[in-house]
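Turn these sequences into a full structure, and let the hints steer you where they fit.
For reference, the chains in residue letters:
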Amino acid sequence: MKVFQTIIAVVLGALLIYAEADFPAWASSKSPANAGELSQYYIKNIYDETLVPNMVTAVLADYRGYDTLFETVVVFTAGLAIFAILGTGVMREKKTAVPAPKRIYSEPPFDLIVRISTRMLVPVIQLFALYVLAHGHHSPGGGFQGGVILAASFIMLELSSDLRAEAAKLTHRMSIWLGIIGIVIYAGWGTLSLFFGGHFLDYDMLQALFPLDPLMARSHSMLIVEVGVAFTVSSIMLLIFRQLVSGGYSIPDKQA
Amino acid sequence: MIWSYDAILLILIVITAIVSLSIKDLISATITLGVFSFLLCLLWAEMGAVDVAFTEAAVGAGVSTVFLVATIYNTTRKSSD
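Order-wise, the sequence lines are chains A and B.
With positions in the first sequence counted from 1, the corresponding number in the numbering used here is that position plus 634.
With positions in the second sequence counted from 1, the corresponding number in the numbering used here is that position plus 3.
Note that these hints are calculated values from the structure, not bench results.
Using N, Cα and C, we set each Cβ at its ideal position, and we do this for glycine too.
Please note: incorrect hints may appear among the correct ones.
Claimed, not checked - One-sided excerpt, in silico: chain B residues whose CB lies under 8 Å from chain A: (1) MET4; (2) MET50; (3) VAL53; (4) THR74.
To be verified - Some chain B residues near chain A, calculated using beta-carbon distances under 10 Å: (5) TYR8; (6) GLY37; (7) VAL38; (8) PHE41; (9) LEU43; (10) ALA52; (11) THR58; (12) ALA60; (13) ALA61; (14) GLY65.
Here you go:
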């Protein structure tokens, strides 16, 4: 059937190339993404309304707050789904003792150079992750990227040294709880504005909480919301990695 | 947009995409997919979509490559396709 698939791929590719001629030119001011009424509103008003120079972060965390909230929930649900499919469960870990893959739990081939250099790199990477998270208003970045980089630093640590010993420091249960905490931070901050007479995720109303001018309230609210996203994304990425690398075998709650 | 830079990037993207689909060794295919993601990230950064490029570098090239390698680690390394 290889021929059939090749024909489909070629035909679809030809269609795409044919349709590409109708695309607006790169950075064209008449393209729908630039000329639309909504985009024009964003481009003109975002800095005046939120004091956030990075338009992408402002749209993601403020104007389309619902979108980002449920994206975070999607990440969390994906982690739970992988845990449900692969995991043998933390609670019943001793009863359903699925034999662990030998290669994972036997002594890993420790390499001194890899271990030491990872140990030196990890703090720098984590600091960079926090910078990406906190500076997402002014430069590219934000909760998702910062969370993923933070998770990647922990994954590096677990790859380069003993997975079991590293995993004992943050158990599955704790990572799921951290994921929940992230969503609660996000949704809770949105709910808080209900108590001040606004709508859900209406950060304007939260200015009473900040001894700052009202515009900064929106800017700071975005940071808090992004911190929630980073909590969920980093803990769930770590959970998914451990589930995949250990074939779903539960890493014990306490160090054996 | 620098057209020569674009042309090199696009050709490399097509090559890595085809290679990662056709290669038999799954680890090599995953690494080629990571290269493909990084090239896409370069292309987006060059076109001015810096946020998208950053996400692609962190998620597409970084973490998902690690996830795929971790999955292959628990299955077979050779593709039967």
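Going down the list of hints, with the structure as the test:
no.: 1; hint: MET4; in the structure: holds (6 Å)
no.: 2; hint: MET50; in the structure: holds (7 Å)
no.: 3; hint: VAL53; in the structure: holds (4 Å)
no.: 4; hint: THR74; in the structure: holds (5 Å)
no.: 5; hint: TYR8; in the structure: violated (13 Å)
no.: 6; hint: GLY37; in the structure: violated (13 Å)
no.: 7; hint: VAL38; in the structure: violated (17 Å)
no.: 8; hint: PHE41; in the structure: violated (14 Å)
no.: 9; hint: LEU43; in the structure: violated (16 Å)
no.: 10; hint: ALA52; in the structure: holds (9 Å)
no.: 11; hint: THR58; in the structure: holds (6 Å)
no.: 12; hint: ALA60; in the structure: holds (8 Å)
no.: 13; hint: ALA61; in the structure: holds (4 Å)
no.: 14; hint: GLY65; in the structure: holds (5 Å)
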